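Chains as they are written, first to last, in the working numbering: chain P, 23 to 163; chain L, 23 to 163; chain H, 23 to 163.
Read the hints as simulated data drawn from the structure, not as lab findings. Wrong hints could be hidden among the right ones.
Just so you know, same-sequence chains aren't split out, so a pair can sit in one copy or run between any two.
Unchecked claim - Here are the simulated lysine to any residue pairs, SDA-like style, with alpha carbons at most 20 Å apart:
#1 K67 - G103
#2 K52 - G103
#3 K67 - E117
#4 K52 - L162
#5 K127 - G144
#6 K143 - E25
#7 K127 - E117
#8 K80 - M134
#9 K143 - V24
#10 K75 - E119
#11 K52 - K161
#12 K48 - I106
#13 K161 - I150
#14 K52 - N102
#15 K75 - E153
#16 K143 - R30
Keep in mind that this is a model prediction, so the values were computed, not measured.
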Amino acid sequence: MVEGNVGRICFYRLPENEDLTEGIKKRAEKSNIKAGMLIVIGSLKEAVLGHYKDGRYKSVHIDGPVEIASCMGNVAIDENGEVIIHAHVVVSNEEGEAFGGHLMKDSHVGVMAELVIIEAKGIILQRIFDEKTKLRPLKLS
Amino acid sequence: MVEGNVGRICFYRLPENEDLTEGIKKRAEKSNIKAGMLIVIGSLKEAVLGHYKDGRYKSVHIDGPVEIASCMGNVAIDENGEVIIHAHVVVSNEEGEAFGGHLMKDSHVGVMAELVIIEAKGIILQRIFDEKTKLRPLKLS
Amino acid sequence: MVEGNVGRICFYRLPENEDLTEGIKKRAEKSNIKAGMLIVIGSLKEAVLGHYKDGRYKSVHIDGPVEIASCMGNVAIDENGEVIIHAHVVVSNEEGEAFGGHLMKDSHVGVMAELVIIEAKGIILQRIFDEKTKLRPLKLS
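For reference, chain P alone in the conformation it holds in the complex:
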């Protein structure tokens, strides 16, 4: 486990067409947040949803516009100190049908998205590449 203190709570609006994962990363960097939790609501032009199995993510494309019915995750850093966003998402179409998965690149913001990050202070939350799973699990004491 890694236990920090809660720092700032930051609100951002992501504009149309921005890549959601990239957009979250950019905002965390701009606010100098290297550890924290996040939520997003809004909409997407299209969603790319990952499903992990046997060492890789299979991805599903969902055509939009879709609502970001839920998006949550965390902010950490990698081996080189670069910010990594790990987020999972549920999107929904015009009929309300819901689809979910690991938020992947090329999920572009629709009319807009609203991001909230709660900062964790006084800790280093790092991800280290793991050969077995091909993932970067959180390094915890």
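Position chains L and H against the provided structure of chain P, taking the given hints into account.
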């Protein structure tokens, strides 16, 4: 972006039949919270899910009882200083099938709902009406 | 309502095969957190989703591996001071299809799960058994 400090964390129970959006708003007002993030779990008698397209929300009605599998959002104020709740929701029926969207009026609480709000202090988080999208995006510096 | 101050923000990794509800409870106890909110992302080997109706939870089994597309809830204590986790979950399969409900026992972690708990300090958040609903609603002033 708007960066505040985290204030209180407040827990509420919403009773059967209360309108969920109205109920969240009333609790935020009662606790004098004008900026923050929120989550809700519980159940709904019925859900009204919005899907934004071309300047308006189309809505889908889901008959309940449904579980509130996920509900997240933020608290802000409008041009007149009145509290506005923006929340998105995922609900699920007896078969576990999930439906999602923008939380709209007339989504009434089922047996109960549990709301958590984390307050943002020292900031003004305001929504201003936008003619182009017909939405009230967050006004951010 | 119960209003506390925000304390620590704690990050945990739950390993493969751990029961998710039990795992969250164990982490909260280890960190001595008796009130708070939580989110989880990751994956599950299988999910058991509850749907409340007429005084009981009907459960649906979803075979995995499934992504934990969303998981949120709260930490409280029961009549005896023991930690109770109340969480709802949305999971998604290889096609991205989403299923949701009340997180029940026997939902086992897949490759891993990442848990974040935000602690509420200075309050007692207690659940008391209610004969009518057969649930343990939050006891709020």
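Item to check | Numbers of unmet hints, in rising order | outcome: Violated: hints 1, 5.
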